[in-house]
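Visitor: Listed below, chain by chain, are the residues.
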Amino acid sequence: MIENLLFELEMAAPQVILGLVNGAFYALLSLGLAIIFGMLNVINFAHGAQFMMGAFVAWMLLAWAGIPYWGALILAPLLVGAFGVLIERTMIARLYKLDHLYGLLLTFGLALIIEGIFRNGFGSSGLPYAPPAAFNALNIDIPIMFLPGYRVWVVIASVLVCLATWLVIEKTKIGAYLRAATERPELVQAFGVNVPRMMTLTYGAGVALAAFAGVLAAPIYSVNPAMGANFIITVFAVVVIGGMGSIMGSVVTGFGLGLIEGLARVFYPEASATVVFVIMAIVLLTRPAGLFGRG
Amino acid sequence: MHEAATMTHPATGQGHLILEIRDLEAWYGESHVLHGVSLDIRQGEVVTLLGRNGAGKTSTLRAMMGLVGRRAGSIKFEGRETIGLRSDLIARTGIAYCPEERGIFASLDVTENLMLPPVIAPGGLGLDEIYTLFPNLKERARSPGTKLSGGEQQMLAIARILRTGARLLLLDEPSEGLAPVIVQQIGAMIRAIKQRGFTVLLVEQNFRFAQTVADRHYVMEHGRIVDMVANEDLASSLDRLHEYLGV
Ligand SMILES: Nc1ncnc2c1ncn2[C@@H]1O[C@H](COP(=O)(O)OP(=O)(O)O)[C@@H](O)[C@H]1O
Ligand SMILES: [Mg+2]
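First to last, the sequence lines map onto chains A and B. All you need for the numbering used here is the position in the first sequence, starting with 1, plus 370. All you need for the numbering used here is the position in the second sequence, starting with 1, plus 441.
Don't take every hint at face value.
[Claimed, not checked] With a Cα cut of at most 20 Å, we get these calculated DMTMM-like pairs of lysine to aspartate or glutamate:
hint	chain 1	residue 1	chain 2	residue 2
1	B	K588	B	E617
2	B	K588	A	D469
3	B	K579	B	D550
4	A	K467	B	E471
5	B	K517	B	E461
6	B	K635	B	E519
7	B	K635	B	D569
8	A	K541	B	D550
9	A	K543	A	E553
10	B	K588	B	D550
11	A	K543	B	D550
12	B	K588	B	E542
13	B	K517	B	E466
14	B	K588	A	E553
15	B	K588	B	E541
Hints listed in this document are in silico derivations from the structure and should not be mistaken for laboratory results.
Please model the entire structure based on the sequences and the hints provided.
Guide: Written out as structure tokens, the structure reads:
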């Protein structure tokens, strides 16, 4: 009896943990999308490409400049975020007065261009990026499973960054400006706040979050131009389920759906690839604004 | 000479000219809503803009704040031309705006709403002064802004622009939709801020309320200023005003 249960657990635990690690990425990526959408009203289809850029910049920093993982974790989001700022200033900012659809089309085009450039430069087979050996100290090695320390770190880092982002948005003055400008940008600007600059920095921050997730992902997945595209489809489903623009919703939904995917892999593997989209369809039919969305 | 410039100022306006609007025109997209508005306000005055629905009162305030699609003409505040400025820079010259729909933020609590507008100059009211004028705001500090009653939301919308150090306040129909006792409180509050040297441009449809607070009244029709009445001449001009306002 007990042995049976142990065996079941042994089978289930790694999948559930894998689900949690995926959930960590879903949460970070959908958080960035939610922040950008809330403030700019732009669905940032380049998010996956910016995630991939984060991983590539980490790889370049190590291979070309000898800057290790920890440096990349700070530098890559800054560099890719700065790239985001440039894109917002030169392109996206011109589209605010037009329909949402234009922002979506522009960022979708940008994603294709960025991925194309990286495929041209680095091929599509993928580059290895080894996690620092120090993470072995976090290895979890118990009878029912072995969990590499690096994956433990990914979950911790994601939870910490999501929490910090939430705190900044809900509890600080900057966050109050952000929430207010999300509701009535025109009035906030008429109070003397430079809202266009806030929008630029918000886009940069959302892009930096994607790049941070990309650096976290580099040691787990091979660094390749398609890595973002693979993720982003599921992440958009997460965003739809959580509710477009909801900060808390995207984090909770991200982790939750990662777990559900993991459980599906144990109990009904055939559904593991589609369960998220089935949930998305159900949510869209019953609560079109999403689980945490307003309206 | 311009129409507004030829109008004589009553004895009440002792201060210097703080605002001079000349031939202001404004458009929302293709629709042309202001057709040459001219008016003057002296430092320390409370001046109203009266007029029927759709006369262009809100549009005049929005045009002053740079919140219309396009505008032309001249708006000089403290001698400085603001017609070409972006709305955040207009605010930073010392003008604060309280919109008709009040603009209380649902995702901010009362204190966050109150503290949101950045301080742009010294000389604004301190928090303790604001809580003396508006005791309810202190009691409801942690409530979401939109959970307040209509009257409290109006108080909050005015209170938050008193903090910023702006010298000219644009108030769009603060009495609209409120119970008479709340309207009286708002009247008392406007007299209190006038006492402190603020200049107020007040949009109103209710001239019974307007006459309890204002020094002068401009009347708008079809996107133009059509008349100006000093408050002490109001009684003798009632017939004329009734006609303008359709009351
Ligand atoms: N956002 C807008 N787009 C187009 N027309 C508008 C808009 N806002 C107001 N108008 C028009 O401008 C005119 C003046 O409106 P408004 O300034 O709101 O009048 P008031 O505040 O005196 O009631 C009206 O004819 C109104 O229909
Ligand atoms: Mg109006």
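Visitor: The structure should be examined with respect to each hint, and the outcome stated for every one.
Guide: Here is what the structure says about each hint:
| no. | hint | in the structure |
| --- | --- | --- |
| 1 | B:K588 with B:E617 | 18 Å, holds |
| 2 | B:K588 with A:D469 | 32 Å, violated |
| 3 | B:K579 with B:D550 | 11 Å, holds |
| 4 | A:K467 with B:E471 | 15 Å, holds |
| 5 | B:K517 with B:E461 | 5 Å, holds |
| 6 | B:K635 with B:E519 | 18 Å, holds |
| 7 | B:K635 with B:D569 | 18 Å, holds |
| 8 | A:K541 with B:D550 | 11 Å, holds |
| 9 | A:K543 with A:E553 | 15 Å, holds |
| 10 | B:K588 with B:D550 | 9 Å, holds |
| 11 | A:K543 with B:D550 | 12 Å, holds |
| 12 | B:K588 with B:E542 | 15 Å, holds |
| 13 | B:K517 with B:E466 | 14 Å, holds |
| 14 | B:K588 with A:E553 | 16 Å, holds |
| 15 | B:K588 with B:E541 | 18 Å, holds |
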